[in-house]
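These protein sequence lines are chains A and B, in that order. Residue 1 is where the first sequence starts when you use the working numbering, and the numbers rise one by one after that. Residue 1 is where the second sequence starts when you use the working numbering, and the numbers rise one by one after that.
Everything labelled a hint here was simulated from the structure, so no lab data went into it. Glycine included, each C-beta is placed from N, C-alpha and C at the ideal position. Possibly wrong hints are sitting among the right ones.
Claimed, not checked - Just the calculated beta-carbon pair ranges, DEER-fashion:
# : chain 1 : residue 1 : chain 2 : residue 2 : range
1 : A       : R128      : B       : S122      : 51 to 59 Å
2 : B       : Q160      : A       : G63       : 34 to 42 Å
3 : B       : S209      : A       : V10       : 23 to 31 Å
4 : B       : P206      : A       : R7        : 35 to 43 Å
5 : B       : F180      : A       : P191      : 40 to 48 Å
6 : B       : W50       : A       : V47       : 50 to 58 Å
7 : B       : F278      : A       : V84       : 27 to 35 Å
Unchecked claim - Calculated cross-link-like contacts (lysine-lysine; reagent style BS3-like; alpha-carbon spacing at most 30 Å):
#  : chain 1 : residue 1 : chain 2 : residue 2
8  : B       : K80       : B       : K70
9  : A       : K265      : A       : K3
10 : B       : K121      : A       : K265
11 : B       : K80       : B       : K275
12 : B       : K70       : B       : K275
13 : A       : K3        : B       : K121
Stated by the list, open to error - According to the in silico footprint, chain B covers these stretches of chain A (three or more CB under 8 Å from chain B):
#  : stretch
14 : 18-31
15 : 44-55
16 : 134-145
17 : 225-237
18 : 240-253
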Amino acid sequence: MRKYTYRTLVLELVMIAVGLLFMIPLYVLVNQSLKAPSDLTDPLAIVTRPTLQNYADAWSQAGLAHALLTSALITVVSVVVLVVISAMAAYPLARSTKRWSTVAFYVFMIGLLLPFQLALIPLYSTMRDLGLLGSPLSLMIFYSGHLAPFSIFLYAGFLRAQPAEYEEAAAVDGCGPVGTFWRIVFPLLRPVTGTVVILNVLNIWNDFFTPLLYLSGSGNATVPVVLYSFVGEFVSHWNLVFAGLVITIAPILLVYFLMQRTIIKGFASGLKG
Amino acid sequence: MATVTLSREDRSVSPPNGRARTAGRRRPLRAAPFYFIIPAAAFYAFVVLWPSIQGVGFAFTDWNGLSPEKHFVGIQQFVKAFQDDAALAALGHSIELAVGITVVQNLIGLLLALGVNTRIKSRNILRVFLFAPVVITPVAAAFIWQYLFTPTGTINELLQRIGLGGLQQNWLGDPRLALFSISIIVVWEYAGYSMVIFLAGLQGVPEESIEASLVDGAGPFRRFWYVIRPELAPAITINLMLSVIASLKLFDQVQVTTGGGPGHATETLSTLIYKNVFQFNQFGYGIALAVLLTICVGIISVLQYRGLNRSERVSKRRTDS
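Here chain A stands alone, though its shape is the one from the complex:
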């Protein structure tokens, strides 16, 4: 094991300086959000008379409460659907040795290559024809299909590395396929379900483009879209805008700091483009 030398100390200080440099944008964000609009001190000067007025104003004027609820609803429903349908699909895709299973797996994997712009526009007109534009349902359907290939990829990869003995034992004991799946396979998949949930939650919560198309102006917009129009309206009221940004970033950062080990591991293991 290498020792902690004076060179390590120099490196330590350099790295901490770099870390602080990376945090400047977030420092400015929080700092400015606590300053009254009349406080014209420069953005780096730490706030002397902190106020929460910006937060109260942003909360009521941007309609963030409704947006946070909509975002949460869309994220939760989509992720639950994704977990169920992807785990189910991965089961035969990982276990069956038939030819259709290999073919089906590759058909799903094509979805990882296709940029969403291609399908986006025809799907937009389909949703319009079905009268789903402006409804959170359109986004739940979108994410459930759009993120399925990636979730199946993670589930199938994990399941292949697991022995099939338990499932076989269950089958021998007379457990049907549905029972085997729910009682044996799905619990077995728990570690990778964590990764699937984390990556999909972040993807859906942070997505801007799709809700901008499907929900903007509907009164059902998600957080990034509401933020977008809010900033457009109050473009020079940065203190107000920053309070709004803090409110919307806070839930994610909170979850991140609580679960950073799992989240970082999930990102390192999940190829996401």
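Once you have looked at the hints, place chain B on chain A.
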């Protein structure tokens, strides 16, 4: 480690691990019926497959997206794309962004990973903070930077303070600088992501090799090149693939900070597609551009996937011998 594991699983895709064993069993596995894929297949077909096929079809029409009328126009939209100065400029910007972001983001990510992967005491907390921008909503991050970049904003203020007031710029308002400024935002957001993938790769470098190279008196650069770099090959490929593809498709950061302006200085393929479809009602043309973007991304993905397999084979051969 995790990334390496993943790509290994990925390669075992065609012959699933259990196949040889199950084939030799006395009693074939009865479970795992095909109908389990139906729900996922239905969503996937409705959201991805069918609209993509439709999309390719629409690219050969003059449909405006609203009227019931559309006419087959052959490859006219594609010809138009190659003659359209706006499209060529957007393609140029997308490539500039992709190259610039990929190089800088991975260089910084690698340096951060090498710095964090040492004996320093702050390594865990640094890793957490350096990765934090990755999880922040890109739209929110873009707004923060839009403020930092304003002429009276924090960046110029900082430059003033450290005596570099002469370097103050109108970062997003100057057509020559705007693209560069946008790439700074993206690098800030995702350098931590590259770092984490490099860190996973660095776990595979045996401590003994490092110590052996120290005993042999190899300097940091020789040590990196001959001992560490070969083990990092898969991580490098994955990182390059992720950043090239993501920056070619870049939309949020551009739309929020400049909307493609000033003028058309930061128009990318994604913002141009958006404008054609949703502002100019050029549905057919917009989707022809989307098809071209798909082809670009597809070619790069395939090239890099092959590169990934090759670099893995090389590193495997090294460990085998």
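Is the hinted range of 35 to 43 Å satisfied by the C-beta distance from B/P206 to A/R7? Since the Cβ atoms of B/P206 and A/R7 sit about 22 Å apart, the hinted range of 35 to 43 Å is violated.
Could you check the hint for me, namely that B/Q160 and A/G63 are 34 to 42 Å apart, CB to CB? Distance hint for B/Q160, A/G63 holds at roughly 38 Å.
Next pair to validate is B/K80 with B/K70; report whether the Cα-Cα distance is within 30 Å. Roughly 17 Å between the alpha carbons, so the hint for B/K80 and B/K70 holds.
Hint says 51 to 59 Å; check whether the CB-CB distance for A/R128 and B/S122 agrees. Roughly 52 Å apart at Cβ, these two residues keep to the hinted range, so it holds.
Within a Cα-Cα threshold of 30 Å, do A/K3 and B/K121 meet the stated pairing? 12 Å, holds
Under the criterion that the straight-line Cα-Cα distance not exceed 30 Å, is the pair B/K70, B/K275 satisfied? 20 Å, holds
Could you grab the alpha-carbon distance between B/K121 and A/K265 and see if it respects the 30 Å cut-off? 20 Å, holds
Taking the Cβ atom of B/W50 and the Cβ atom of A/V47, is their distance within the range 50 to 58 Å? Roughly 53 Å apart at Cβ, these two residues keep to the hinted range, so it holds.
Given coverage of the stretch 240-253 of chain A by chain B, tested with a Cβ cutoff of 8 Å and a minimum of 3 residues: holds (count 7)
Straight-line alpha-carbon gap B/K80 to B/K275, limit 30 Å: At roughly 16 Å apart (the allowed maximum being 30 Å), B/K275 and B/K80 satisfy the hint.
With a cut-off of 30 Å on the C-alpha distance, tell me whether A/K265 and A/K3 pass. 27 Å, holds
Consistency of beta-carbon spacing, A/V10 to B/S209, with hint 23 to 31 Å: Roughly 24 Å apart at Cβ, these two residues keep to the hinted range, so it holds.
Consistency note: the structure conflicts with the earlier hints numbered 4, 15.
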